[in-house]
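Chains as they are written, first to last, in the working numbering: chain A, 1 to 336; chain B, 337 to 624.
Since the hints were made in silico from the structure, they are not lab data.
Predicted model, so just to flag it, every value in this text is computed and none were measured.
Do not rely on the hints blindly, as some may be mistaken.
With beta-carbon atoms standing in for the labels, derived distance ranges [said to hold, decoys possible]: (1) 519(B) <-> 8(A): 43 to 51 Å; (2) 268(A) <-> 440(B): 24 to 32 Å; (3) 521(B) <-> 223(A): 31 to 39 Å; (4) 143(A) <-> 404(B): 54 to 62 Å; (5) 193(A) <-> 440(B): 50 to 58 Å; (6) 364(B) <-> 52(A): 39 to 47 Å; (7) 225(A) <-> 364(B): 42 to 50 Å.
Think of the CB as a built atom: it goes at the ideal place given N, C-alpha and C, for glycine as much as any other residue.
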Amino acid sequence: MTGDQAISNDLGDRPLAVEVQGLTKRFGDFTAVDDVSFSVAQGEVFAFLGPNGAGKSTCIKMLCTLASPSSGSAKVAGLDIVTRAKAVRRQIGLVFQEQTLDDQLTAEENLRFHAVLYGVPRDQVDARITRVLELVALSDRRKALVSTFSGGMARRLEIARGMLHTPRVLFLDEPTLGLDPQTRALMWEDVLRLRDEEGVTVFLTTHYMEEAEQADRIAIIDRGSIIALDTPHALKAAVGADTVSLETSDDASALALLVAEGYRAEATETGITVFVEDEEAAVGPIVDTLGGTVRTVRAHRPTLDDVFLHFTGREIRQSHGDAIPMMARAFGARRG
Amino acid sequence: MTAITQSTAHREVAARDTRFSDELRVAGMVWERELIRYTRNRTRIVSGLTQPVLFLFVLGYGMGSLVGSTGGFNFRQFVFPGVVAMSVVMTAIFSAISIVWDREFGFLREMLVAPVSRTALVLGKTAGGASVAAVQGTIMLALAPLVGVHLTPLLIVEVIALELLMAVAMTTFGVFVASRIQKMEAFQVVMQMILMPMLFLSGALFPLSGLPRWLMVITRLNPLTYAVAPLRQVIFAAQNMSPAAQARFAAGVTINGYVLPIWIDMVIVTAFALVFFTLAIWGLSRTE
Ligand SMILES: Nc1ncnc2c1ncn2[C@@H]1O[C@H](COP(=O)(O)OP(=O)(O)O)[C@@H](O)[C@H]1O
Ligand SMILES: [Mg+2]
Numbered sequence: 001m002t003g004d005q006a007i008s009n010d011l012g013d014r015p016l017a018v019e020v021q022g023l024t025k026r027f028g029d030f031t032a033v034d035d036v037s038f039s040v041a042q043g044e045v046f047a048f049l050g051p052n053g054a055g056k057s058t059c060i061k062m063l064c065t066l067a068s069p070s071s072g073s074a075k076v077a078g079l080d081i082v083t084r085a086k087a088v089r090r091q092i093g094l095v096f097q098e099q100t101l102d103d104q105l106t107a108e109e110n111l112r113f114h115a116v117l118y119g120v121p122r123d124q125v126d127a128r129i130t131r132v133l134e135l136v137a138l139s140d141r142r143k144a145l146v147s148t149f150s151g152g153m154a155r156r157l158e159i160a161r162g163m164l165h166t167p168r169v170l171f172l173d174e175p176t177l178g179l180d181p182q183t184r185a186l187m188w189e190d191v192l193r194l195r196d197e198e199g200v201t202v203f204l205t206t207h208y209m210e211e212a213e214q215a216d217r218i219a220i221i222d223r224g225s226i227i228a229l230d231t232p233h234a235l236k237a238a239v240g241a242d243t244v245s246l247e248t249s250d251d252a253s254a255l256a257l258l259v260a261e262g263y264r265a266e267a268t269e270t271g272i273t274v275f276v277e278d279e280e281a282a283v284g285p286i287v288d289t290l291g292g293t294v295r296t297v298r299a300h301r302p303t304l305d306d307v308f309l310h311f312t313g314r315e316i317r318q319s320h321g322d323a324i325p326m327m328a329r330a331f332g333a334r335r336g
Numbered sequence: 337m338t339a340i341t342q343s344t345a346h347r348e349v350a351a352r353d354t355r356f357s358d359e360l361r362v363a364g365m366v367w368e369r370e371l372i373r374y375t376r377n378r379t380r381i382v383s384g385l386t387q388p389v390l391f392l393f394v395l396g397y398g399m400g401s402l403v404g405s406t407g408g409f410n411f412r413q414f415v416f417p418g419v420v421a422m423s424v425v426m427t428a429i430f431s432a433i434s435i436v437w438d439r440e441f442g443f444l445r446e447m448l449v450a451p452v453s454r455t456a457l458v459l460g461k462t463a464g465g466a467s468v469a470a471v472q473g474t475i476m477l478a479l480a481p482l483v484g485v486h487l488t489p490l491l492i493v494e495v496i497a498l499e500l501l502m503a504v505a506m507t508t509f510g511v512f513v514a515s516r517i518q519k520m521e522a523f524q525v526v527m528q529m530i531l532m533p534m535l536f537l538s539g540a541l542f543p544l545s546g547l548p549r550w551l552m553v554i555t556r557l558n559p560l561t562y563a564v565a566p567l568r569q570v571i572f573a574a575q576n577m578s579p580a581a582q583a584r585f586a587a588g589v590t591i592n593g594y595v596l597p598i599w600i601d602m603v604i605v606t607a608f609a610l611v612f613f614t615l616a617i618w619g620l621s622r623t624e
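Pulled out of the complex, with its shape left as it was, chain A reads as follows:
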């Protein structure tokens, strides 16, 4: 399969929130983002998945007008990121990899400050603050100093703040970095609620597979290029079918029996592999067919890890070089 086939970017005539054409960013001789093109439909949750150093943050910074492209072009909310930079900034919400709250202020004061920066009309400020705090379930902490917040709460407050001025597109750069799994799950609830209730387009980057899984579509980015783009389901399907691997007391006759029943199966070194539509649904019938001869059963559905491995020849976990310092920084900044 070539890279091109893996990139499916046909959104029909859905209105677009982000349109990117040949976007490139060079630092000296080094190309951090290399000729990237894609579109994001309005109301989509779109994830950039890639190892550290892949160019995710650099790409997001260009879309947020914080860095200028070396070449190529992009539109966010229908506005050109170079010629309409200031207008773009009013239409987007931003949550950075590093925390950007004032922890000597209360949650409400942080939000009020933001409302003024983004020109939220005076008569709407209070209602918006109430609303976004509800969306991230922090209403009861409205008057609390941010210095008393846990890392996860601060993150969610930042997301609320990013939504305060009702942006069209919310950019989240590694929003769950350094959060524990429960907080991460809570944050995802927040994000999906924002999308459903406020109709915002969510553009996020991550290097967690489980996280990208929640997105409507995923672009896998590696060394500055998009190497695959599709729904999580389609990406996994592209890598291969679900399989059920078996060990039985008599592999040869078990294989014959399965083939006779219409299964696509083959012998392997250790037993039999059966290719199925849906591994979960298939295990029961297969075991029934073979009766008591089955010793072990292992069902497998391709994961995004397999997808990443398939397209890059590497595992995403190998390239985590700076994840730990980043986390330390996120926390260090909080304590200060």
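Put chain B with the ligands on the given structure of chain A with help from the hints.
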């Protein structure tokens, strides 16, 4: 769905261009944040007072016995305006330098990526720094009776006005320096290398007359000199000093025997403030 119609209303607002009133609103918010942070940080208020108080009493009594008094006017009374100036200057610089903290803790980014002008941010920061510095300097006035300095309502108004001017100048200077500093450690160096020499060579703590030539030249080149002198001049004018005391404890800046009037000092300080206001905007524009 109310949520949806509300959103559309916001988007129309978001799409229009920034207006002057929006910029002022932003400056006001930045100013308010400075005040909130100042009032919330009691240790800062207290520590900002201890150093000048220390100077007032240690220098006032320690040096005072060496210097003696002339016509009933002593060194404590002389040094008092300088110490008030010192507390204004230090508070203003600390306020401005909080930009370095904001950079370290990320909040600077929240401000810099917003669709607002750097001018509005620097304006708010300057107003904030100047306000808290003037408040701090005015708190110092409470010590005046203890060292035998008389205050009148008019004098207090004049002092506050001069404190504000001095504080604006020092805040813009501080914001500019802070905009070029990436690390908190560098700030310590700046304090040692710039602020302390500026303070000590401003005539805040000793009379500007009768100095060795090299010291006289340095004090006249130091912009802070022109901020401290008017403060001392208006305070002394209300003190009923004998001519001998006025000669001994000269308040104004003399250049070639000519005593600069207060308004020239103020023009110099204003020019300094304008230059650094512009430089501060430039400095912040260069950071992402
Ligand atoms: N300002 C910069 N100057 C030089 N190189 C940079 C700069 N910013 C990012 N890079 C490089 O570009 C690459 C992509 O970085 P980044 O976009 O931060 O990756 P990601 O967010 O996917 O981890 C990295 O190799 C990084 O070192
Ligand atoms: Mg990154």
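Check: For the pair residue 193(A) and residue 440(B), does the Cβ-Cβ distance stay inside 50 to 58 Å?
Finding: At 33 Å between Cβs, range violated.
Note to self: Given a hint of 39 to 47 Å, does the C-beta separation of residue 364(B) and residue 52(A) actually sit inside it?
What the structure shows: Distance hint for residue 364(B), residue 52(A) holds at roughly 41 Å.
Item checked: Range agreement (Cβ of residue 364(B) with Cβ of residue 225(A), hint 42 to 50 Å) -> Check passed, 46 Å falls within 42 to 50 Å.
Check: Do residue 519(B) and residue 8(A) keep their Cβ atoms within the hinted range of 43 to 51 Å?
Finding: Holds, since residue 519(B) and residue 8(A) (Cβ atoms, about 47 Å apart) stay within the stated range.
Next item on the list: Can you let me know if the beta-carbon spacing of residue 268(A) and residue 440(B) is within 24 to 32 Å?
Entry: violated (56 Å)
Notebook entry, point to check: Should the hint that residue 521(B) and residue 223(A) are 31 to 39 Å apart at their CB atoms be regarded as holding?
Noted result: holds (36 Å)
Check: When you take the CB atoms of residue 143(A) and residue 404(B), is the distance between them in 54 to 62 Å?
Finding: holds (57 Å)
Checked against the numbered hints above, the structure violates hints 2, 5; every other hint is satisfied.
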